[in-house]
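S.K.: Note that the protein sequences, when read in sequence, are chains A and B.
Under this note's numbering, the first residue of the first sequence is numbered 319, with each subsequent residue one higher.
Under this note's numbering, the first residue of the second sequence is numbered 319, with each subsequent residue one higher.
The hints are simulated quantities; they were obtained by calculation from the structure and are not laboratory data.
One or more hints might be untrue.
Identical chains blur together in the list; that is why a pair holds if it fits in one copy or across any two.
No farther apart than 20 angstroms at their CA atoms in a straight line, the calculated lysine to aspartate or glutamate pairs in the EDC-like style are these [what the hints assert, rightly or not]:
hint	residue 1	residue 2
1	Lys603	Glu466
2	Lys603	Asp459
3	Lys741	Asp549
4	Lys561	Asp447
5	Lys558	Glu652
6	Lys633	Glu361
7	Lys633	Glu559
Owing to the predicted nature of the structure, the values given are computational and were not obtained by experimental measurement.
2 protein chains.
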Amino acid sequence: MQPYQEMTGEELLREKKVLEAEYRRYQQRGLQLDMSRGKPSQEQLDLSMGMMDVLTSDMDLACDDGTDCRNYGVLDGIEEAKVLLGDMIECNPDNILIYGNSSLNIMYDTISHSMTHGVMGNTPWCRLDRVKFLCPVPGYDRHFAITEYFGIEMINVPMLPTGPDMDMVEELVAGDEAIKGIWCVPKYSNPQGITYSDGTVRRFARLRPAAKDFRIYWDNAYSVHHLYDIDQDHLIEILKECKRAGNPDLAYKFCSTSKISFPGSGVAAVAASPNNLEDFRRAMKIQTIGHDKVNQLRHVRFFGDIHGITEHMRKHADSLRPKFEMITDTFERELKELAVGSWYTPKGGYFITYETLPGCAKAVVNKARKAGVVLTPAGAPFPYGKDPQDSVIRIAPSYPGLEDLTLATQIFVVCVKLVSIEKILESRQNS
Amino acid sequence: MQPYQEMTGEELLREKKVLEAEYRRYQQRGLQLDMSRGKPSQEQLDLSMGMMDVLTSDMDLACDDGTDCRNYGVLDGIEEAKVLLGDMIECNPDNILIYGNSSLNIMYDTISHSMTHGVMGNTPWCRLDRVKFLCPVPGYDRHFAITEYFGIEMINVPMLPTGPDMDMVEELVAGDEAIKGIWCVPKYSNPQGITYSDGTVRRFARLRPAAKDFRIYWDNAYSVHHLYDIDQDHLIEILKECKRAGNPDLAYKFCSTSKISFPGSGVAAVAASPNNLEDFRRAMKIQTIGHDKVNQLRHVRFFGDIHGITEHMRKHADSLRPKFEMITDTFERELKELAVGSWYTPKGGYFITYETLPGCAKAVVNKARKAGVVLTPAGAPFPYGKDPQDSVIRIAPSYPGLEDLTLATQIFVVCVKLVSIEKILESRQNS
Numbered sequence: 319m320q321p322y323q324e325m326t327g328e329e330l331l332r333e334k335k336v337l338e339a340e341y342r343r344y345q346q347r348g349l350q351l352d353m354s355r356g357k358p359s360q361e362q363l364d365l366s367m368g369m370m371d372v373l374t375s376d377m378d379l380a381c382d383d384g385t386d387c388r389n390y391g392v393l394d395g396i397e398e399a400k401v402l403l404g405d406m407i408e409c410n411p412d413n414i415l416i417y418g419n420s421s422l423n424i425m426y427d428t429i430s431h432s433m434t435h436g437v438m439g440n441t442p443w444c445r446l447d448r449v450k451f452l453c454p455v456p457g458y459d460r461h462f463a464i465t466e467y468f469g470i471e472m473i474n475v476p477m478l479p480t481g482p483d484m485d486m487v488e489e490l491v492a493g494d495e496a497i498k499g500i501w502c503v504p505k506y507s508n509p510q511g512i513t514y515s516d517g518t519v520r521r522f523a524r525l526r527p528a529a530k531d532f533r534i535y536w537d538n539a540y541s542v543h544h545l546y547d548i549d550q551d552h553l554i555e556i557l558k559e560c561k562r563a564g565n566p567d568l569a570y571k572f573c574s575t576s577k578i579s580f581p582g583s584g585v586a587a588v589a590a591s592p593n594n595l596e597d598f599r600r601a602m603k604i605q606t607i608g609h610d611k612v613n614q615l616r617h618v619r620f621f622g623d624i625h626g627i628t629e630h631m632r633k634h635a636d637s638l639r640p641k642f643e644m645i646t647d648t649f650e651r652e653l654k655e656l657a658v659g660s661w662y663t664p665k666g667g668y669f670i671t672y673e674t675l676p677g678c679a680k681a682v683v684n685k686a687r688k689a690g691v692v693l694t695p696a697g698a699p700f701p702y703g704k705d706p707q708d709s710v711i712r713i714a715p716s717y718p719g720l721e722d723l724t725l726a727t728q729i730f731v732v733c734v735k736l737v738s739i740e741k742i743l744e745s746r747q748n749s
Numbered sequence: 319m320q321p322y323q324e325m326t327g328e329e330l331l332r333e334k335k336v337l338e339a340e341y342r343r344y345q346q347r348g349l350q351l352d353m354s355r356g357k358p359s360q361e362q363l364d365l366s367m368g369m370m371d372v373l374t375s376d377m378d379l380a381c382d383d384g385t386d387c388r389n390y391g392v393l394d395g396i397e398e399a400k401v402l403l404g405d406m407i408e409c410n411p412d413n414i415l416i417y418g419n420s421s422l423n424i425m426y427d428t429i430s431h432s433m434t435h436g437v438m439g440n441t442p443w444c445r446l447d448r449v450k451f452l453c454p455v456p457g458y459d460r461h462f463a464i465t466e467y468f469g470i471e472m473i474n475v476p477m478l479p480t481g482p483d484m485d486m487v488e489e490l491v492a493g494d495e496a497i498k499g500i501w502c503v504p505k506y507s508n509p510q511g512i513t514y515s516d517g518t519v520r521r522f523a524r525l526r527p528a529a530k531d532f533r534i535y536w537d538n539a540y541s542v543h544h545l546y547d548i549d550q551d552h553l554i555e556i557l558k559e560c561k562r563a564g565n566p567d568l569a570y571k572f573c574s575t576s577k578i579s580f581p582g583s584g585v586a587a588v589a590a591s592p593n594n595l596e597d598f599r600r601a602m603k604i605q606t607i608g609h610d611k612v613n614q615l616r617h618v619r620f621f622g623d624i625h626g627i628t629e630h631m632r633k634h635a636d637s638l639r640p641k642f643e644m645i646t647d648t649f650e651r652e653l654k655e656l657a658v659g660s661w662y663t664p665k666g667g668y669f670i671t672y673e674t675l676p677g678c679a680k681a682v683v684n685k686a687r688k689a690g691v692v693l694t695p696a697g698a699p700f701p702y703g704k705d706p707q708d709s710v711i712r713i714a715p716s717y718p719g720l721e722d723l724t725l726a727t728q729i730f731v732v733c734v735k736l737v738s739i740e741k742i743l744e745s746r747q748n749s
């Protein structure tokens, strides 16, 4: 194997012919494989089935403090749940509010509340001419969908191996009062699997935004979602770092158990400074009488404490690790020497990103689809769905079984090779 | 007994002395009784404990259509839950969206979304100079808290025995484009227990509001919360009536199982026209990946169908009926002939409203508190907490046991009598 770019036109055409035959054989199999969304597999869901047995009709559904979880009361979460999630995200339980089943919903509500009521007494965003958000790219499509929905202008910030380009972040937030926030998935990022370096987190905590109501939306979605026991990424805890830097109110930290227990039936929370939490509570007490305490109790009884979560995440890792390794091994073996793209090998999280030669991502996704492999639409990890380079493809290894995933990866590789050759031939023709 | 107003000053003073002695005896007992919030009693909560056993680890947590309730997917509720709640509120399952645990939260989100995005393409309310809501009074304090929080101007509309004063409603909505909605609890209303008459519902469906984006917020919180098997109130189904009247988009109908299964751990829903539902879905798909399907399935498995709910509500009624009857019987026996107030005898719901002589409500609530009986703050059932007559007291019979409630009612009666005498004596002095 040698880099495609170094091959002659004839060599490339010969390779293309072989690949096309291989591609057609896959097509003829009428496959239906899905690597598009970060859904846990059935095997992973089965890990949490014990959750269905921890509360039964002959039990007392009361908290340690006597609160009957079945009735109204307790606005922002039972103490036991705050301790459990607090330990999970390295925060004091006093700095946490427990919500419903979805951290995305909390983020949406936070943006919505900032629009109508402003942040900590500042002007509501709906009264401003322009509101902007920084969006490290590639990033999480559903974050970008929220800011787009509220008409917030999104500015791309490139992701580096250390996290977002902090030179750019610092300069932008210092110079523009309209910039009100930044979306971050700081650990095992969606979709690359990058964890922000210590330097990056320290610089985040020391930002000097022009806007007093600028907030870092720190979506710690994969805080305990390691693939390995020892070889884990470490992330500096942002709230303590902000406090240390004299910026206690700078960040909101979101988390949930969606990919720990059951997606959709988990527990979500926000952690922040006392000032910010007061702002959250102000809305919360009007919005609801309280969230699902029985489900909070169910999580507490099932996991017990943070060690229970750690043990549980080991089992998830055992299910996910072979899938991740198969994909990166395949890329290593099949694509590396061809020099037709790059990827980062994550130590956790839910995604792998394959970066094609410029201008190939859409074509690869289309070609894969026509052979029965569904990938996340090209462009999805960018604001407005626009990948300026058309090169980023998000791969979600979790849902299919290893066998299906292996097949899907082989098809993906064939598509990458084919599209890369076509691209190279095309660019040679044009030059 | 004769009406206090017809007694001489001397007779009143004699009566007052006896009552004061009685009041002091209660005070000395150091009681702590709570008739303030509409919380189910422990006995009622126990009725739903079977819900903890219907899903177990050896079961398949899948819907009839094969959807695994444990995973992501299904934005607006599993089909079985739509059928169950649809039957409960007399709507086609296609016209229902299932949300999280709280209908109040849906209402808050609906107002919030109308502020930021407008209703069905109309101007977002946050861009308007003034937005107003009609508030039938007395009404539900948490409704009013939402509109107040969003800076929406609230206009009182008196409740009649047939529902809101429709002459006033019709005139106001026709003449003022700033009026965007009305809060309604149409069946066994909070706090009076009144069910809107057929004529009232028909007039609602035929409103001709100046504002195209005017909506009736039809909070059908007590649709199946009857106290009696036979002697039940009937409410015309609003959405069908709106459609019949050529106003299909006029109403949103909210419901939940909060006072059917467990408050805070139930399932909430909205029913509306296809146009309105599209508007709801537009926000929903940005706000969340989906609500708690496992809990939806739990409700479906526990209740089975509408007959299961009906049977279940009979048990709630058996618990609530003696409490409601004790209170209205006591009022009948102790207060009626004195002519110091009025009340409506509800056939369902969660509250009884006692209307004192003008200017007495706050004093009664204070006096009761000093004898250890907590009542909903006077004024609470009114926008901005202001009861113009200072005469409405909401009584919540559900939470205390019958014995405690009987004692609390006796104390309440003594307080009403005492405050009424004081008021009458005072007004005689002033005239």
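S.K.: All the hints need checking, so say for each whether the structure fits it.
M.R.: Hint check results:
With identical chains, the CA atoms of lysine 603 and glutamate 466 are at most 20 angstroms apart between copies only, with a shortest distance of 13 angstroms across copies and 27 angstroms within one. Only between protomers do lysine 603 and aspartate 459 lie at most 20 angstroms apart by alpha-carbon distance; the minimum there is 12 angstroms, versus 30 angstroms within a single protomer. For the identical chains of this complex, lysine 741 and aspartate 549 are neighbours neither inside a copy (38 angstroms) nor across copies (78 angstroms), given an alpha-carbon limit of 20 angstroms. Proximity of lysine 561 and aspartate 447 under a CA criterion of 20 angstroms is satisfied in neither setting, with 31 angstroms inside one chain copy and 40 angstroms between copies.
For the identical chains of this complex, lysine 558 and glutamate 652 are neighbours neither inside a copy (44 angstroms) nor across copies (62 angstroms), given an alpha-carbon limit of 20 angstroms. For the homomeric pair lysine 633 and glutamate 361, the shortest alpha-carbon distance inside one copy (10 angstroms) is at most 20 angstroms, but the shortest distance between copies (41 angstroms) is not. In this assembly of identical chains, the alpha carbons of lysine 633 and glutamate 559 never lie at most 20 angstroms apart, being 31 angstroms within a copy and 55 angstroms across copies at closest.
Going down the numbered hints, you'll see the structure goes against 3, 4, 5 and 7, while the others check out.
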